[in-house]
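Novice: On the provided structure of chain A, position chain B as indicated by the hints.
Residue strings, one per chain:
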Amino acid sequence: MKRYTQHLLVLAILALSLLTPAISSAIPGDYGAGAYGACTYNTCGITVTSDSVVNINVTPGSSTTCTTQKDSVVVTTDSPTGYSLSMKSNTSSSNLTGSSAAFIPPTSGTQASPTALAANTWGYRVDSLASFGSGPTIASSNTAPSAATFAAVPTSAQTAASLATTSAVANPGIITPVWFGICTNTATPADTYSTGITFTAVVN
Amino acid sequence: MFKTSLLLLLLTLSPATFATTIQSSICEPVSAPVFTIQDSTTTATTEIVSGTTSSNISVSVQRNTQHIATLTSDEAGAFSLQVSLAPGSNSFTATSTNSCGSASSQDPIIITRTLQQNTESPITPITTASSAEEPIEQEVTPTIPSTTTKPDAITLRITVPSGAIGTSASTLITSDESVFLKGMSHPSAHIEISNNDIKVADLTAASDGSFGVLIPLSKGTNILTIHASFAGVSTTQILTYIRNEKETPQFTALTIAGVALVGVASVGLILHNKLHLKHKSKRGR
Chain A
1 MKRYTQHLLV LAILALSLLT PAISSAIPGD YGAGAYGACT YNTCGITVTS
51 DSVVNINVTP GSSTTCTTQK DSVVVTTDSP TGYSLSMKSN TSSSNLTGSS
101 AAFIPPTSGT QASPTALAAN TWGYRVDSLA SFGSGPTIAS SNTAPSAATF
151 AAVPTSAQTA ASLATTSAVA NPGIITPVWF GICTNTATPA DTYSTGITFT
201 AVVN
Chain B
1001 MFKTSLLLLL LTLSPATFAT TIQSSICEPV SAPVFTIQDS TTTATTEIVS
1051 GTTSSNISVS VQRNTQHIAT LTSDEAGAFS LQVSLAPGSN SFTATSTNSC
1101 GSASSQDPII ITRTLQQNTE SPITPITTAS SAEEPIEQEV TPTIPSTTTK
1151 PDAITLRITV PSGAIGTSAS TLITSDESVF LKGMSHPSAH IEISNNDIKV
1201 ADLTAASDGS FGVLIPLSKG TNILTIHASF AGVSTTQILT YIRNEKETPQ
1251 FTALTIAGVA LVGVASVGLI LHNKLHLKHK SKRGR
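Keeping their order, the protein sequence lines are chains A and B.
Residue 56 in the working numbering sits at position 56 of the first sequence, with consecutive numbering throughout.
Residue 1070 in the working numbering sits at position 70 of the second sequence, with consecutive numbering throughout.
Simulated from the structure, these hints should not be mistaken for laboratory data.
Positions of the beta carbon are idealized from the N, C-alpha and C atoms, including for glycine.
Treat each hint with caution, since some may be false.
[Stated by the list, open to error] Covered stretches of chain A, as calculated for chain B (at least 3 residues, CB under 8 angstroms):
#1 47-55
#2 110-119
#3 131-139
[Stated by the list, open to error] Residues of chain A clear of chain B, computed beta-carbon distances all greater than 12 angstroms:
#4 101
#5 145
#6 146
In isolation and in its complexed conformation, chain A is listed as follows (with noise of 0.2 angstroms):
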């Protein structure tokens, strides 16, 4: 009887905390302040939001030719404690798939020991995250081969990639800007190679 009143008095705090929101906005000079839990007032989510495609064409020369773009990836929260942001692939490869069996492999770095991307190889930086070095990385098309370094995307299997980690409240949104790069030649057929990722941001 004890525990049953007590799940009723939870129910009850979590319904006062829906309403509340309608009540302090009938209130002058209210409106738009209080603090809930650890939010400020009617912001106590967090959203995500990148590009939805990133496109990095390549026309191969007759050496290796490369493209690098970014993709800014923008985290919303008044959490004070900031938050954490990650990635991922959608599925258990981390290949480039084109339309037929061919297939771009992720360069065999990783963020303790990112590489230069060798030929027909993709992968990610972000700069000054772990030994990627500070760069600064800039979006180039169908260059050579640089010294930037670059890591794998980790499988939906594997643990997801630490992107971007904060302890204060991010509103406006923090911009991580993350890269992504390919080098190909022309052992690569030509076709429209892609995979899917996703990015995840969670309140610390």
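Specialist: Okay, now just chain B, sitting in the frame of chain A:
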């Protein structure tokens, strides 16, 4: 228990996720378009310019820096277009663009249209105050009154190329990889041609209404929709091409004495009358 439930309630904040696609088009290098022209000097008002570039690629053609047509090269990289010529110098350039955005342009080719005596107005030189000693040539396109007003209706007549075999009024069978489609419509009409709902050509009819363009054909059924429009008035025609594979003819019966040959070959395939026969005698045991 109560405190634990409350704590869980406050700490349970759903993570936010966003899905992104990493996409990479690996493209063949683009071959610069190379033109082939019939005559660099002509009195004709139109001429067919042909060329080669990478296969199955978008080719944009410009005349005197003005875009006049966008078409698609065939599997062999060939493209062809009937262009109208203004009196004087006509400079043509082409740009090939693939899905990676790479483009390649060649040096312009010049086709000079000379005027036939007593049949056309001469080019009118225009002088300006700032450069009175050097007259500037201005293109004079023959004026056709109907092009300046909105027509009640516009015509569209397609000339069916020879070599194809028709099975119905608008269905043709061929084994060619492309077809040069010619037609007549309203002068300066905008002509759009799509193949199986994919736009393959976009051009402007000549001042006499003529147009012509090489259309690549894919294997199987090619439903060509030819849409002509001018001043908001439009008309559409549909032409169906069935492209068969070129096959080695298979003879199913052979009669040497009567010279009767029965066999199967692709429709539209020209059979040359060379017959190599191997005689293999069989001696009785």
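Novice: Compare the structure with each hint and give your call.
Specialist: Quick rundown of the hints versus the structure:
Using a Cβ-Cβ cut-off of 8 angstroms, 9 residues of the stretch 47-55 of chain A lie near chain B, which meets the minimum of three, so the contact claim holds. Check result for the stretch 110-119 of chain A against chain B: violated, 0 residues qualifying (beta carbon to beta carbon below 8 angstroms, three or more required). Closer than 8 angstroms: that is the beta-carbon criterion, and the stretch 131-139 of chain A has 0 residues meeting it against chain B, so the requirement of 3 is violated. For residue 101 of chain A, the non-interface assignment is confirmed: its Cβ lies about 15 angstroms from the closest Cβ of chain B, beyond the 12 angstroms cut-off.
Taking the minimum C-beta to C-beta distance to chain B, about 16 angstroms, the non-interface status of residue 145 of chain A holds against the 12 angstroms cut. Residue placement check: residue 146 of chain A keeps its beta carbon more than 12 angstroms from all beta carbons of chain B (closest about 17 angstroms).
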